[in-house]
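Trainee: In case you want the letters, here they are:
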Amino acid sequence: MSERRPVWSLRGVTKRFPGVVANDRVSLDLFPGEIHGLMGENGCGKSTLIKTLSGAHQPDAGEILREGRPVVLTDPIAAREAGVSTVFQEFSLVPTLSVAENIHLGRLPRRGRRVDWAAMRARAAALLAEMGLDIDPDRTVASLSVAEQQMVEIAKALGAEASLLILDEPTTALGLDEIARLHGLIRRLKARGTAILYISHRLDEVVDLVDVVTVLKEGRVVSTAAESEVDIGYIVRAMVGDVGDHYPKQRNAGAEVVLTVEGLSTRDRLSGVSFEVRRGEVFGLGGVLGSGRTEVARALFGVDPRSGGRIVWRGREVAFRSPKQAIAAGFAYVPENRKFDGLFFNFAGFPNITASRLDRLGPPYAMSLAAEREAGRGLVRDLDISPAAETREVGKLSGGNQQKIVIARWLFAGADLFILDEPTQGIDISAKIAVYRLVNRITAEGKSVILISSDHDELIAMSDRIGIMSHGRLVRVGEAGELGKIDFVRASAGAGPAAREALPT
Amino acid sequence: MSVLKDIAGPLAAMVAVALAVALTTSNFLTPGNLSNLALQVSIVAIVAIGSTVVIFTGGIDLSPGSAIALMTMVFAVAIKSLALPLALAIVVVLLLGLLLGAVNGVLTAYLRIPSFITTLAALSAFRGLAFMFNNGSPIFQLSPDLEALFYGRLGGVPLPLFYVVALYAAAFYWLRWTASGRAVYAVGGNPSAARLSGIDVRRIQFLAFLVAGVAAALGAVLMAARLNSGSPNYGVGLELSAIAAAVIGGASLAGGRGNILNTAIGAMTIVIVQNGLNLNAVPTSFQNVITGAIIVLAVGIDMWRAELARLLGGLAGRPRPGSSPPRSPRQGT
Chain D
1 MSERRPVWSL
11 RGVTKRFPGV
21 VANDRVSLDL
31 FPGEIHGLMG
41 ENGCGKSTLI
51 KTLSGAHQPD
61 AGEILREGRP
71 VVLTDPIAAR
81 EAGVSTVFQE
91 FSLVPTLSVA
101 ENIHLGRLPR
111 RGRRVDWAAM
121 RARAAALLAE
131 MGLDIDPDRT
141 VASLSVAEQQ
151 MVEIAKALGA
161 EASLLILDEP
171 TTALGLDEIA
181 RLHGLIRRLK
191 ARGTAILYIS
201 HRLDEVVDLV
211 DVVTVLKEGR
221 VVSTAAESEV
231 DIGYIVRAMV
241 GDVGDHYPKQ
251 RNAGAEVVLT
261 VEGLSTRDRL
271 SGVSFEVRRG
281 EVFGLGGVLG
291 SGRTEVARAL
301 FGVDPRSGGR
311 IVWRGREVAF
321 RSPKQAIAAG
331 FAYVPENRKF
341 DGLFFNFAGF
351 PNITASRLDR
361 LGPPYAMSLA
371 AEREAGRGLV
381 RDLDISPAAE
391 TREVGKLSGG
401 NQQKIVIARW
411 LFAGADLFIL
421 DEPTQGIDIS
431 AKIAVYRLVN
441 RITAEGKSVI
451 LISSDHDELI
461 AMSDRIGIMS
471 HGRLVRVGEA
481 GELGKIDFVR
491 ASAGAGPAAR
501 EALPT
Chain Z
1 MSVLKDIAGP
11 LAAMVAVALA
21 VALTTSNFLT
31 PGNLSNLALQ
41 VSIVAIVAIG
51 STVVIFTGGI
61 DLSPGSAIAL
71 MTMVFAVAIK
81 SLALPLALAI
91 VVVLLLGLLL
101 GAVNGVLTAY
111 LRIPSFITTL
121 AALSAFRGLA
131 FMFNNGSPIF
141 QLSPDLEALF
151 YGRLGGVPLP
161 LFYVVALYAA
171 AFYWLRWTAS
181 GRAVYAVGGN
191 PSAARLSGID
201 VRRIQFLAFL
211 VAGVAAALGA
221 VLMAARLNSG
231 SPNYGVGLEL
241 SAIAAAVIGG
251 ASLAGGRGNI
261 LNTAIGAMTI
271 VIVQNGLNLN
281 AVPTSFQNVI
291 TGAIIVLAVG
301 IDMWRAELAR
311 LLGGLAGRPR
321 PGSSPPRSPR
331 QGT
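So the sequence lines, in the order shown, correspond to chains D and Z.
At position 175 of the first sequence (counting the first as 1) the number is 175 in this note's numbering, and the numbers step up by one without a gap.
At position 183 of the second sequence (counting the first as 1) the number is 183 in this note's numbering, and the numbers step up by one without a gap.
Just so you know, the hints here were simulated from the structure itself, not pulled from any lab data.
Note that the structure is predicted; figures quoted are calculated from it, not measured.
From the three backbone atoms N, C-alpha and C, an ideal C-beta is built for every residue, glycine too.
Hints may be right or wrong, so weigh each one.
Simulated restraints, written as ranges between beta carbons of each label pair [claimed, not checked]:
| hint | chain 1 | residue 1 | chain 2 | residue 2 | range |
| --- | --- | --- | --- | --- | --- |
| 1 | Z | I117 | D | A122 | 54 to 60 Å |
| 2 | D | G184 | Z | V106 | 31 to 37 Å |
| 3 | D | L97 | Z | G292 | 29 to 35 Å |
| 4 | Z | V282 | D | Q325 | 46 to 52 Å |
| 5 | Z | A20 | D | R377 | 42 to 48 Å |
| 6 | D | T96 | Z | P138 | 44 to 50 Å |
| 7 | D | L97 | Z | S192 | 44 to 50 Å |
| 8 | Z | V296 | D | R5 | 55 to 61 Å |
| 9 | Z | V106 | D | D268 | 24 to 30 Å |
Derived DSBU-like pairs (lysine-lysine); straight-line CA-CA distance at most 35 Å [unchecked claim]:
| hint | chain 1 | residue 1 | chain 2 | residue 2 |
| --- | --- | --- | --- | --- |
| 10 | D | K324 | D | K249 |
| 11 | D | K217 | D | K485 |
| 12 | Z | K5 | D | K396 |
| 13 | Z | K5 | D | K324 |
| 14 | D | K339 | D | K249 |
| 15 | D | K324 | D | K190 |
| 16 | D | K190 | D | K217 |
| 17 | D | K324 | D | K339 |
| 18 | D | K339 | Z | K5 |
The following residues of chain Z were derived to be distant from chain D, with all beta-carbon distances above 12 Å [to be verified]:
| hint | residue |
| --- | --- |
| 19 | L23 |
| 20 | S26 |
| 21 | L123 |
| 22 | L159 |
| 23 | L167 |
| 24 | G198 |
| 25 | I199 |
| 26 | E307 |
Working from the sequences, and respecting the hints, build out all of it.
Mentor: The following block contains the structure:
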């Protein structure tokens, strides 16, 4: 340890904003060839710290050292030139341009006054090859899978010689396969001697990947890299204190079958999916991204047309041709991407909650806004949503509050079957636990849940039974307790390596 | 409460403009000028209800000016050539408005052509159709009863003011207290989320164009009444005035945000400015430049709200500009 020298260090970095100390005397050391996990709940100061390191904020006190010497990163460009590359959660790629153009965006190689296209392509190809990526530099970014885009984003960040790579939640949109590929890339960069600062809410993958962990809470380091254990239980306790069980699973499944799906098929994605869901049961749907999990949800909910199969709901065959009909029958769908498909960012919390059942607010030509307020306040209180939801547009609320609002919409609707597609993606641990408690509450009322998740620990812990999807088929169904992670990998790989190529991008 | 908060900004701007005009001219606040203002604003304000509703759903309607030209011609032919009674002719125009709106609506909502394109095509096509009547010449002297619709008064107040108030009250009620009105905002805010919430997105987009068609038809009847004639040259540029009224009133062209009452205020603001410039004998060409500047300014003030607030706060000794809030929206996810 003693002969190693950190390439980047923070010493007592403090950053204040009106009313808050976002970073309070934070110190950490980043060593070449080491993956350093930075953990903490939303609002703990992670983002501020990243912004300070990437030159977007100036610390009020403390200093940043590069190879032991203090440096001032006046702005993001200066930080980049000093060797700090940051990949933010939101992609900064231009979808209509090629991979090579994106990698060189803002610093296109030139010959005279013209862009040197040949040099640009060659450099991009060399960079991609060096990173071990098999991506054609001439492809447009829009044609790449999300995972590939993420890797191009990293290639772009590394285009400048970087001694430190900061990754802010790089796996939020990725499936298990793709996460594995990304981790492979990060490990290669590590072997090359790059220091890596890695931020994620997915504890399982952090534990797999990182060498050391620093935990922040309320702006302070509560567990330094030296004392932290790279262990889920340890990290959770450091982040949020003792929360009891991380997965507070209640078993409420009854014997009565409420939903029977037989041979569900869609024209291009699903073939012959059959399963049953019981009263009060959580039926988990696993499988890699693109395996057809979301398509099952969409077909059940009447979004995508079915080409075959039957759906029996509470003893009656149903054939929804629109979400409206599914909602009327008591189905609820919390979509995978709450930003694109879930929330109305032009509304505050209450209209978001009532959107799917405005008919519950009185006759359609005379809605009662007082009834809306009453119902909204009740659910906000009940689900422990921030009271700001009453007046502020939902875009100004945290991800956890946003997700609770989408779920509240279906509690308001009085739904009986909740299809939850990645309900805990991108929200912090306390909010995840709150969502798990909601799942318990729903099933305790005798309602049923179909839980779709890429987080296998979560799926195994929170489901009663699980079906694993692969290439549009349900390849295995079992009791949650009997399935391990290895079963997912096996079931997903079951269709053979050739089929991987057929995965949609 | 929230309604007052919604309209406070545009209302303050309108009052400021009115004050400026009242101070620079002697006859702005005379009853004659004010009722003249009411007449001037009525047509664009009514047409703008439709434009605004379409904007709320996330679309745009470029066609009402041309639609009005076509409808005044059909109105004129119905009265003069077909000898229909006035009331029946008005019904015909309203039905035609529904039909024209339905054309835009079907193309946009069901055939998925962007509304900018469909209504741009309609802008051209409706005017072309208008010229096919009466060899492209205006038709005068439609009906002796017609002018009363526009110039009539009730208790000294011009009738068009009553139409404007009644129609805005109806539109306001619809958008605030009905399920389909709420759906208009939902569709404009996030069509995908609206669909997954059981809202028939296409039906709502279609409905918005029907409303726009009827609003244009009412505008056409008033336009014909104003000069007791129909003409294929009526309504040139009216679609842009209507959109300007919506935008000055704070409607977001991205859809989902805005208050219909502010469109009336926006229309009033434009007309007051034009009136002030007229009273100060500013040439028309320059008036158009100023109208353009006002549109930019109105939207600009909205866009720069955060910066302006910081600037004002900075003057009062609050946190310096450039310091960002402690929790960025990104952090919240």
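Trainee: Next, verify each hint and record whether it holds.
Mentor: Each hint, compared with the structure:
| no. | hint | in the structure |
| --- | --- | --- |
| 1 | Z:I117 to D:A122: 54 to 60 Å | violated, 41 Å |
| 2 | D:G184 to Z:V106: 31 to 37 Å | violated, 52 Å |
| 3 | D:L97 to Z:G292: 29 to 35 Å | holds, 34 Å |
| 4 | Z:V282 to D:Q325: 46 to 52 Å | violated, 59 Å |
| 5 | Z:A20 to D:R377: 42 to 48 Å | holds, 44 Å |
| 6 | D:T96 to Z:P138: 44 to 50 Å | holds, 49 Å |
| 7 | D:L97 to Z:S192: 44 to 50 Å | violated, 25 Å |
| 8 | Z:V296 to D:R5: 55 to 61 Å | holds, 56 Å |
| 9 | Z:V106 to D:D268: 24 to 30 Å | holds, 28 Å |
| 10 | D:K324 to D:K249 | holds, 31 Å |
| 11 | D:K217 to D:K485 | holds, 31 Å |
| 12 | Z:K5 to D:K396 | holds, 19 Å |
| 13 | Z:K5 to D:K324 | holds, 34 Å |
| 14 | D:K339 to D:K249 | holds, 27 Å |
| 15 | D:K324 to D:K190 | violated, 50 Å |
| 16 | D:K190 to D:K217 | holds, 27 Å |
| 17 | D:K324 to D:K339 | holds, 20 Å |
| 18 | D:K339 to Z:K5 | holds, 27 Å |
| 19 | L23 | holds, 37 Å |
| 20 | S26 | holds, 45 Å |
| 21 | L123 | holds, 28 Å |
| 22 | L159 | holds, 27 Å |
| 23 | L167 | holds, 17 Å |
| 24 | G198 | violated, 4 Å |
| 25 | I199 | violated, 7 Å |
| 26 | E307 | holds, 17 Å |
When held up to the earlier numbered hints, the structure conflicts with 1, 2, 4, 7, 15, 24 and 25 and fits the remainder.
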